[in-house]
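For reference, the chains in residue letters:
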Amino acid sequence: NAGVMQNPRHLVRRRGQEARLRCSPMKGHSHVYWYRQLPEEGLKFMVYLQKENIIDESGMPKERFSAEFPKEGPSILRIQQVVRGDSAAYFCASSRGQTMNTEAFFGQGTRLTVV
Amino acid sequence: KQEVTQIPAALSVPEGENLVLNCSFTDSAIYNLQWFRQDPGKGLTSLLLIQSSQREQTSGRLNASLDKSSGRSTLYIAASQPGDSATYLCAVGPPQGGSEKLVFGKGTKLTVNP
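Chains as they are written, first to last, in the numbering used here: chain U, 9 to 123; chain L, 1370 to 1483.
Chain U on its own, in the form it takes in the complex (with noise of 0.2 Å):
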């Protein structure tokens, strides 16, 4: 059982560019959560979504970003018109029910620079 898949793991995109980073959930997962992780920060939550339905966009910048989780295929996390400020290291998890009851298990992210 592969465990949750993202890719790419490096992404450069220059300023104003868009960048998509996608993720696969284990096997039998339901549920997807996206982290940022700023230098020197912890984790942040952004997005928690099920398929076809984001559940809660909390923690998602107003602007520039969005997320889905289709019926078929990865999970995307878009940011349009990348800034230097959004460089970091997105992580994704995912668990088979509501973190509340049950383990997440994380990515290895994708480390995006903007440049």
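Source of the hints: derived by calculation from the structure; they are not laboratory data.
There could be a bad hint or two in this list.
When the alpha-carbon atoms are kept at most 25 Å apart in a straight line, the in silico PhoX-like pairs for lysine-lysine are as follows [unchecked claim]:
id: 1; chain 1: L; residue 1: Lys1478; chain 2: U; residue 2: Lys52
id: 2; chain 1: L; residue 1: Lys1370; chain 2: L; residue 2: Lys1437
id: 3; chain 1: U; residue 1: Lys59; chain 2: U; residue 2: Lys35
id: 4; chain 1: U; residue 1: Lys59; chain 2: U; residue 2: Lys70
id: 5; chain 1: L; residue 1: Lys1437; chain 2: L; residue 2: Lys1475
id: 6; chain 1: L; residue 1: Lys1370; chain 2: U; residue 2: Lys52
id: 7; chain 1: L; residue 1: Lys1411; chain 2: U; residue 2: Lys35
id: 8; chain 1: L; residue 1: Lys1437; chain 2: U; residue 2: Lys52
id: 9; chain 1: L; residue 1: Lys1370; chain 2: U; residue 2: Lys70
id: 10; chain 1: L; residue 1: Lys1475; chain 2: L; residue 2: Lys1370
id: 11; chain 1: L; residue 1: Lys1411; chain 2: L; residue 2: Lys1475
id: 12; chain 1: U; residue 1: Lys52; chain 2: L; residue 2: Lys1475
id: 13; chain 1: U; residue 1: Lys59; chain 2: U; residue 2: Lys79
id: 14; chain 1: L; residue 1: Lys1411; chain 2: L; residue 2: Lys1370
id: 15; chain 1: U; residue 1: Lys52; chain 2: U; residue 2: Lys70
id: 16; chain 1: U; residue 1: Lys79; chain 2: U; residue 2: Lys35
id: 17; chain 1: U; residue 1: Lys52; chain 2: L; residue 2: Lys1411
Which chain U residues stay away from chain L? Per the calculated CB distances, all over 10 Å, these [unchecked claim]:
id: 18; residue: Arg23
id: 19; residue: Gln25
id: 20; residue: His37
id: 21; residue: Glu71
id: 22; residue: Ser74
id: 23; residue: Ser95
We treat Cβ as the ideally placed atom computed from N, Cα and C, and that holds for glycine.
Add chain L to chain U, keeping to what the hints say.
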């Protein structure tokens, strides 16, 4: 608002020593607490998950305890090895009735010297 603090921020010990990492949280109404390990440039590896009804969990040389009423958890590592060198993160599960997000501390960076 839940806040998680980990002390110390960094710890350096000689190989073979037993050590304790501390985690405190401000809102005791939690469902669970999870300890993770993060190696440089890598993802998070789940170490132990303690449900709010439990007092401790053990896995090999690791033992995690939870005192919900005082808002504290400890991760005990026995007979430390150089391979244990990593950043250890504590994450608190959602409060009753809250959202599903985990709230993380900033971590304790552990170095075990041969």
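Against the structure, the hints come out as follows:
With a CA separation close to 18 Å, the supplied pair Lys1478 (chain L) and Lys52 (chain U) stays within the 25 Å bound. Taking the CA atoms of Lys1370 (chain L) and Lys1437 (chain L), the gap is near 16 Å; set against the 25 Å cutoff, the hint holds. For the proposed pair Lys59 (chain U) and Lys35 (chain U), the alpha carbon gap of about 13 Å is at most 25 Å, so the pair holds. Annotation: proposed proximity of Lys59 (chain U) to Lys70 (chain U) holds, straight-line Cα distance about 22 Å (limit 25 Å).
For the hint pairing Lys1437 (chain L) with Lys1475 (chain L), the CA-to-CA distance comes to about 20 Å; that is within 25 Å, so the pair holds. At roughly 13 Å between alpha-carbon atoms, Lys1370 (chain L) and Lys52 (chain U) fall within 25 Å of each other, so this suggested pair holds. Between Lys1411 (chain L) and Lys35 (chain U) the CA atoms are separated by roughly 21 Å; this keeps the pair inside 25 Å, and the hint holds. The suggested pairing of Lys1437 (chain L) with Lys52 (chain U) holds, with an alpha-carbon distance near 22 Å, which does not exceed 25 Å.
With a C-alpha separation of about 20 Å, the suggested pair Lys1370 (chain L) and Lys70 (chain U) falls inside the 25 Å cut-off, and the hint holds. Of the pairs offered as hints, the one joining Lys1475 (chain L) and Lys1370 (chain L) holds, with about 16 Å between alpha carbons and a cut-off of 25 Å not exceeded. Of the supplied pair hints, the one linking Lys1411 (chain L) and Lys1475 (chain L) holds, its CA atoms being roughly 16 Å apart against a limit of 25 Å. At most 25 Å may separate the alpha-carbon atoms for a hinted pair to count; Lys52 (chain U) and Lys1475 (chain L) meet this at roughly 10 Å.
Our distance criterion of 25 Å between C-alpha atoms is met by Lys59 (chain U) and Lys79 (chain U), whose separation comes to about 6 Å. Taking the CA atoms of Lys1411 (chain L) and Lys1370 (chain L), the gap is near 29 Å; set against the 25 Å cutoff, the hint is violated. Taken as a hint, the Lys52 (chain U) and Lys70 (chain U) pair is honoured in the structure, with Cα atoms around 15 Å apart against an allowance of 25 Å. Straight-line distance between C-alpha atoms of Lys79 (chain U) and Lys35 (chain U) comes to about 14 Å, which keeps the hinted pair within the 25 Å bound.
Simply put, Lys52 (chain U) and Lys1411 (chain L) have alpha-carbon atoms about 17 Å apart, close enough for the 25 Å limit, and the pair holds. Once the 10 Å rule is applied to beta carbons, Arg23 (chain U) is consistent with being away from chain L; the minimum gap is 24 Å. Every C-beta of chain L lies more than 10 Å from that of Gln25 (chain U), the closest at about 23 Å, which supports listing it as non-interface. Listed as a non-interface residue, His37 (chain U) keeps its Cβ farther than 10 Å from every Cβ of chain L; the least gap is roughly 13 Å.
Residue-level check passed: Glu71 (chain U) sits 21 Å from the nearest beta carbon of chain L, beyond 10 Å. The beta carbon of Ser74 (chain U) is kept farther than 10 Å from every beta carbon of chain L, the shortest such distance being approximately 18 Å. With a minimum CB-CB distance of about 14 Å to chain L, Ser95 (chain U) clears the 10 Å threshold, and the non-interface call stands.
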